[in-house]
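1 is the number of the first residue of the sequence shown in the UniProt record's numbering; add one for each residue after it.
Everything labelled a hint here was simulated from the structure, so no lab data went into it. Fair warning: this is a prediction, and the values are worked out from it, not measured in the lab. There could be a bad hint or two in this list.
[Unchecked claim] Cross-link-like lysine-lysine pairs, in silico, DSS-like; alpha carbons within 27 Å at most:
1. Lys238 <-> Lys264
2. Lys165 <-> Lys20
3. Lys477 <-> Lys411
4. Lys165 <-> Lys238
5. Lys108 <-> Lys238
6. Lys598 <-> Lys624
7. Lys522 <-> Lys502
[As the list claims (entries may be wrong)] Simulated restraints on C-beta separations:
8. Gln476 <-> Asn585: 30 to 36 Å
9. Glu630 <-> Gln510: 23 to 29 Å
10. Trp658 <-> Glu560: 44 to 50 Å
11. Gln444 <-> Gly533: 21 to 27 Å
12. Asn576 <-> Arg371: 50 to 56 Å
13. Gly147 <-> Lys264: 36 to 42 Å
14. Asn577 <-> Gln444: 29 to 35 Å
15. Asn74 <-> Arg371: 40 to 46 Å
16. Asn74 <-> Asp145: 17 to 23 Å
17. Thr422 <-> Asn577: 54 to 60 Å
18. Lys388 <-> Trp658: 17 to 23 Å
Heads up, the beta-carbon is just placed ideally off N, CA and C, and yes, glycines get one too.
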Amino acid sequence: MGCVLKEEEKVGLLKVGFFKDGSEKSKFLSYSYESRIMSVLYGMGEKERIDMASILNLSLRLCRAGKIYGFWYNDNDSCVYMVCENINSTGLLKFFYNEEEERLSSDKISGFGIVSMEMCEILISLISEGLIIGCLDVNCFVFNDFGRVYVDLGKVLSMGRRVNKAIQRGHKDLEVSLKTEVLENLVFISPEMLLKLFCKEGFELDCGKSIYEVGFGSDVWSLACLLISLIIGGSFIKEMAIYVDFIVNAANDGNVYSYVSLCKDWMENVKTLLGCRLGLEYEPQKDLLCRCLEFDISSRPPVTELWKCLRELVLKPNFDFGVTLKHEEKKEKTGHCVLLGDLCRIAEDTNKEEIDGLQQKYEIGRAGVSRDVVEGLSGGHIECIDMKGHLDCITGLAIGGGFLFSSSFDKRVHVWSLQDFTQVHTFKGHEHKVMALIFVDGGQPLCISGDNAGVICIWEASFPFNEKPLKKLHEQKDWRYSGIHALAVSGTEYLYTGSGDKLIKAWSLQNHTLSCTMSGHKSVVSSLIVCNGILYSGSWDGTVHLWSLSDHSPLAVLGEDTSKNVTSVLALAAENNLLLVAHENGCIKMWHNDLLVKSLQTHNGAVFAASKKGRWLFTGGWDKTINVQEISEVGDQIDTVPVGSIACDSVITAVIYWQEKLFVGQSDRVIKVYYGV
Numbered sequence: 001m002g003c004v005l006k007e008e009e010k011v012g013l014l015k016v017g018f019f020k021d022g023s024e025k026s027k028f029l030s031y032s033y034e035s036r037i038m039s040v041l042y043g044m045g046e047k048e049r050i051d052m053a054s055i056l057n058l059s060l061r062l063c064r065a066g067k068i069y070g071f072w073y074n075d076n077d078s079c080v081y082m083v084c085e086n087i088n089s090t091g092l093l094k095f096f097y098n099e100e101e102e103r104l105s106s107d108k109i110s111g112f113g114i115v116s117m118e119m120c121e122i123l124i125s126l127i128s129e130g131l132i133i134g135c136l137d138v139n140c141f142v143f144n145d146f147g148r149v150y151v152d153l154g155k156v157l158s159m160g161r162r163v164n165k166a167i168q169r170g171h172k173d174l175e176v177s178l179k180t181e182v183l184e185n186l187v188f189i190s191p192e193m194l195l196k197l198f199c200k201e202g203f204e205l206d207c208g209k210s211i212y213e214v215g216f217g218s219d220v221w222s223l224a225c226l227l228i229s230l231i232i233g234g235s236f237i238k239e240m241a242i243y244v245d246f247i248v249n250a251a252n253d254g255n256v257y258s259y260v261s262l263c264k265d266w267m268e269n270v271k272t273l274l275g276c277r278l279g280l281e282y283e284p285q286k287d288l289l290c291r292c293l294e295f296d297i298s299s300r301p302p303v304t305e306l307w308k309c310l311r312e313l314v315l316k317p318n319f320d321f322g323v324t325l326k327h328e329e330k331k332e333k334t335g336h337c338v339l340l341g342d343l344c345r346i347a348e349d350t351n352k353e354e355i356d357g358l359q360q361k362y363e364i365g366r367a368g369v370s371r372d373v374v375e376g377l378s379g380g381h382i383e384c385i386d387m388k389g390h391l392d393c394i395t396g397l398a399i400g401g402g403f404l405f406s407s408s409f410d411k412r413v414h415v416w417s418l419q420d421f422t423q424v425h426t427f428k429g430h431e432h433k434v435m436a437l438i439f440v441d442g443g444q445p446l447c448i449s450g451d452n453a454g455v456i457c458i459w460e461a462s463f464p465f466n467e468k469p470l471k472k473l474h475e476q477k478d479w480r481y482s483g484i485h486a487l488a489v490s491g492t493e494y495l496y497t498g499s500g501d502k503l504i505k506a507w508s509l510q511n512h513t514l515s516c517t518m519s520g521h522k523s524v525v526s527s528l529i530v531c532n533g534i535l536y537s538g539s540w541d542g543t544v545h546l547w548s549l550s551d552h553s554p555l556a557v558l559g560e561d562t563s564k565n566v567t568s569v570l571a572l573a574a575e576n577n578l579l580l581v582a583h584e585n586g587c588i589k590m591w592h593n594d595l596l597v598k599s600l601q602t603h604n605g606a607v608f609a610a611s612k613k614g615r616w617l618f619t620g621g622w623d624k625t626i627n628v629q630e631i632s633e634v635g636d637q638i639d640t641v642p643v644g645s646i647a648c649d650s651v652i653t654a655v656i657y658w659q660e661k662l663f664v665g666q667s668d669r670v671i672k673v674y675y676g677v
């Protein structure tokens, strides 16, 4: 059951993210109130969402915790806030005694005992849930209308962010920042927790990891400091200033062990102050509170033992009828720590540059759960991500092994992650423009690229990548012809190259030698594709030749025009018995079982790229437009239905459709990833 917000009830707000309206990229999309909140929550990292879920679940399960009602979107600042219960209370400050009297009265000690027991009970409940707060301050605990102690989860998160922000300021302002938190805001952080935070921020500490391993005992240290501050008053704050000096100096020097003895001296001073305030009558409580301050986390008592000891301040031992508190501490050494979680590392104030960066990260992540680009196109809801890194026109795209490979006139082959669409590697080995590339999915994944000087580079296409090629092959040089224009593979057996010398060459992928040469075209072989045991080759002579993969013999020629009305073939796509041929004049010809069944004029200019997957055909070219057609086959009958088009800002040179996303290579050096939303 969720929490209900009453009318006129005051609440606390904790910022969790900024919403940036992306409607300028999609004119058909308008975000609802709920979708704005959900988009911000989705834009958070996975660890942040896990932290948030832990806090939300805790607010529902823990009866002594302030409730979290949900989330609220503020139109004024475009931010989403977590809405928390705001218990109207003065907190623990009324128990903070500044007067330096020698001894506390019995009434004050009894009142302190009741409050401290309830604080211990809350901490025991948190431990039973496997949760470590990481630090405590006087504002974390509040009183309800009946005087019972509650933990305010909203203030816990707010405190955690302040502490992380203080640590993130680094070496220069660290001492000032920490003293502000500890002395002015009365925040108490155990030494191992501070050292852990220092390590996360890049401080180099000359100590073993065990010295800053946090656990449930870290909160015992913080709670003990909070209780001692209620007993001693202002004198303890002065001692905390000394403690901060010790820890900061240890972090700056990098040598923690040299400060351990100083911390022990500090603990003895605290013990003396406690003795003055409590007297000999409460020696057990004084000793146990000091044990809670041990530098070694394993030497600190469990919070259940602290509860039993503090109970004697309220109920004398001779009136104790054997009531005990069940030991609820989990067997694990550590639990989930709020202070170390990503939710406490979200900046309170985010500038515009950070917001734009977060939005780009969100858009990239959202593409991972996007709708099919075709569905988005039909509904008018598509978005795209720009992948930049090449220095010249994109010439080819290939996908395999979890990566996208791209070739360019800049003589480079780039490798991109298909998870977040970032560049992960660059293959360097060509000295001329790379014209084509292909992926070989075998026992050893390969990426093969060819340039206009006739050089073929074979790259290992698995992580970790090498900059240098595994093997280089060279076509016979002839100054009259351009080099390689097209590549295709037949499994892991043969590599086929189409070149400016009008020939198709078959290279063995086993021993990297030239196996045979296929001739028949009258001009540049511009495109190659393998499908159903047949090699298709397209040429500037306007024809498509069919070759047997078994013996590389010619099978047929498509598109021979006796009227000499020749239009160059620039791209091929094939699936089953359907062949699609893209021409220089913007025409797409469809061949079924070697018969021309349909001709479409879909573009105003040359069609440089085509990709078919299932019933979808994607084409793009000189007119800077991607056309999408739905193709249906009934027997020998082929029907096409235009789905829509995408206007691009540059000439389209490569297209590949993969897992409901459309990857587009452009002449302006950019690769675009289109997806539906």
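Tested hints:
no.: 1; hint: Lys238 <-> Lys264; result: holds, 16 Å
no.: 2; hint: Lys165 <-> Lys20; result: holds, 24 Å
no.: 3; hint: Lys477 <-> Lys411; result: holds, 19 Å
no.: 4; hint: Lys165 <-> Lys238; result: holds, 23 Å
no.: 5; hint: Lys108 <-> Lys238; result: holds, 22 Å
no.: 6; hint: Lys598 <-> Lys624; result: holds, 24 Å
no.: 7; hint: Lys522 <-> Lys502; result: holds, 6 Å
no.: 8; hint: Gln476 <-> Asn585: 30 to 36 Å; result: holds, 33 Å
no.: 9; hint: Glu630 <-> Gln510: 23 to 29 Å; result: violated, 41 Å
no.: 10; hint: Trp658 <-> Glu560: 44 to 50 Å; result: violated, 34 Å
no.: 11; hint: Gln444 <-> Gly533: 21 to 27 Å; result: holds, 24 Å
no.: 12; hint: Asn576 <-> Arg371: 50 to 56 Å; result: violated, 26 Å
no.: 13; hint: Gly147 <-> Lys264: 36 to 42 Å; result: holds, 38 Å
no.: 14; hint: Asn577 <-> Gln444: 29 to 35 Å; result: holds, 32 Å
no.: 15; hint: Asn74 <-> Arg371: 40 to 46 Å; result: violated, 29 Å
no.: 16; hint: Asn74 <-> Asp145: 17 to 23 Å; result: violated, 29 Å
no.: 17; hint: Thr422 <-> Asn577: 54 to 60 Å; result: violated, 39 Å
no.: 18; hint: Lys388 <-> Trp658: 17 to 23 Å; result: holds, 20 Å
When the structure is compared with the earlier hints, violations turn up for hints 9, 10, 12, 15, 16 and 17 and for no others.
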